[in-house]
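Q: Residue strings, one per chain:
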Amino acid sequence: GAGVSQSPRYKVAKRGQDVALRCDPISGHVSLFWYQQALGQGPEFLTYFQNEAQLDKSGLPSDRFFAERPEGSVSTLKIQRTQQEDSAVYLCASSSPPWGTNLAKNIQYFGAGTRLSVL
Amino acid sequence: AQKVTQAQTEISVVEKEDVTLDCVYETRDTTYYLFWYKQPPSGELVFLIRRNSFDEQNEISGRYSWNFQKSTSSFNFTITASQVVDSAVYFCALSEGSNDYKLSFGAGTTVTVRA
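Sequence lines, in order, name chains A and B. Here our numbering is used: the first residue of the first sequence is 1, the next is one more, and so on. Here our numbering is used: the first residue of the second sequence is 120, the next is one more, and so on.
It is worth saying that the hints were derived from the structure and are not from the lab. These numbers come from a predicted model, not from an experiment. A few of these clues could be false.
[As the list claims (entries may be wrong)] Pairs of lysine to aspartate or glutamate, DMTMM-like flavour, derived with a Cα cap of 20 Å:
hint, chain 1, residue 1, chain 2, residue 2
1, B, K122, A, E44
2, A, K57, B, D219
3, A, K14, A, E85
4, B, K157, B, E129
5, B, K157, A, E44
6, B, K135, B, D205
7, A, K11, B, E163
[Said to hold, decoys possible] One side only, chain B facing chain A, incomplete, derived with CB under 7 Å:
hint, residue
8, S161
9, G162
10, E163
11, L164
12, F166
13, F210
14, K221
15, G225
16, A226
17, G227
[What the hints assert, rightly or not] Computed Cβ-Cβ distance ranges for the label pairs, DEER-style:
hint, chain 1, residue 1, chain 2, residue 2, range
18, A, K78, B, G216, 23 to 33 Å
19, A, G3, B, D141, 26 to 36 Å
20, A, R15, B, E175, 44 to 54 Å
Glycine residues also receive a C-beta, built at the ideal position from the N, C-alpha and C atoms.
The following block holds chain B by itself, in its conformation from the complex:
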């Protein structure tokens, strides 16, 4: 069963628009971690953020912000005032329980920002 669902396959926006990427996860563990990674065309996965299941506080880092809601099992990511350099595939991932080194990734959302 898919543990992480990213329902949006592709999103295209014009520069300076905001874009929100949805992530819904499924786990029975009370202790788990959620991640977002960015994969630019060069291929490497770039770490963006990690949150643990006990910290629902939203976080902002520059133009990036994350909304974690345990009630809806969601961990959404918003890019404010998007730029062309934000064009990439974005992955949400979950690690859980005693094997929390094992990341379970969603299928990714491709974001294209047009000038």
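With the rest of the complex left out, here is chain A:
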């Protein structure tokens, strides 16, 4: 597709349920990022992939959060045993080259996000 695609757009979960959020990056983009955006706040970094390798997961808030990108394209963010504080918009971004190899192209292009509401 032309842009970063995320699904579902909206997800309602009961506290304690597991959820999986999907991100389809722009075709050919090597770098992929996940961010969490709480209501009324700016996005906060969660994790970074280069191809299938997860190079930075320092922003994941707890061990209930897990991200994967097994074939270096589509990525899934999984949240186990969801809590109310997990309610947020989860944004995915992608970038063309391996980060740092082409400064001119180090731009992150974002999807529209998945709005997660935990009841």
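With chain A fixed as given, assemble chain B onto it according to the hints.
A: Here is chain B on its own, set in the frame of chain A:
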């Protein structure tokens, strides 16, 4: 500590007015990048501009202009002759040092342009 501060929470203007969005950043790195993104009601973040710390030249793109001043650690954004389609949340962001893939966003400024 907050690395990017957008002091204005909301700004409301009438169409054709100019609007300036303030952004103040904090970093100890000499190499860093500053960004502005627009988030319309549809939710996706739309990239507007990136500047590196070594280029203080102001930039103009159509009705948009940016003023980067290292002396005051500011990277302000002006929309000239605003239009209703400019209504959105605008975010300023910083990336720095060896982890410059990690964007640190401000809290955003909501701009409402009234017809």
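Q: Indicate, hint by hint, whether the structure satisfies it.
A: Hints, one by one, checked against the model:
1. A hinted pair counts as satisfied when its Cα atoms are at most 20 Å apart, and B/K122 with A/E44 qualifies at roughly 12 Å.
2. Note on A/K57 and B/D219: the hinted pairing holds, with a Cα-Cα distance of about 14 Å set against a maximum of 20 Å.
3. For the suggested pair A/K14 and A/E85, the alpha carbons sit about 12 Å apart, so the restraint of at most 20 Å is met.
4. Of the supplied pair hints, the one linking B/K157 and B/E129 holds, its CA atoms being roughly 14 Å apart against a limit of 20 Å.
5. Distance check on the hinted pair: B/K157 and A/E44 sit about 16 Å apart at the alpha-carbon level, within 20 Å; holds.
6. Restraint check: the Cα-Cα separation between B/K135 and B/D205 comes to about 11 Å, which is no more than 20 Å; the hinted pair holds.
7. As the CA atoms of A/K11 and B/E163 are separated by approximately 17 Å, the hinted pair is consistent with the 20 Å bound.
8. Interface restraint check for B/S161: the shortest CB-CB distance to chain A comes to about 6 Å, inside 7 Å, so the restraint holds.
9. Given the 7 Å rule on beta carbons, the hint for B/G162 holds: about 4 Å separates it from the nearest Cβ of chain A.
10. Checking B/E163 against chain A by beta carbon gives a least distance of about 4 Å; that is within 7 Å, so the hint holds.
11. With a least beta-carbon distance of about 4 Å to chain A, the hint placing B/L164 at the interface is held under the 7 Å criterion.
12. The closest approach between the C-beta of B/F166 and any C-beta of chain A is roughly 6 Å, which is under the 7 Å cut-off, so the hint is satisfied.
13. Using the Cβ-Cβ criterion of 7 Å, the hint placing B/F210 at the interface with chain A is satisfied: the shortest such distance is roughly 5 Å.
14. Interface hint at B/K221: satisfied, since its Cβ lies 5 Å from the closest Cβ of chain A, which is below the 7 Å cut-off.
15. Checking B/G225 against chain A: minimum C-beta separation of about 5 Å stays under 7 Å; hint holds.
16. Interface hint status for B/A226: upheld, as the beta-carbon distance to the closest one in chain A is roughly 5 Å, under 7 Å.
17. Hint on B/G227 holds. Least Cβ distance to chain A is approximately 5 Å, under the 7 Å limit.
18. For A/K78 and B/G216, the Cβ-Cβ distance of about 30 Å falls inside the hinted range of 23 to 33 Å, so the restraint holds.
19. At roughly 29 Å, the beta-carbon separation of A/G3 and B/D141 lies within the given 26 to 36 Å, and the hint holds.
20. As the Cβ distance of A/R15 to B/E175 is approximately 49 Å, the hint placing it in 44 to 54 Å holds.
In the structure shown, no violation is registered for any of the earlier numbered hints.
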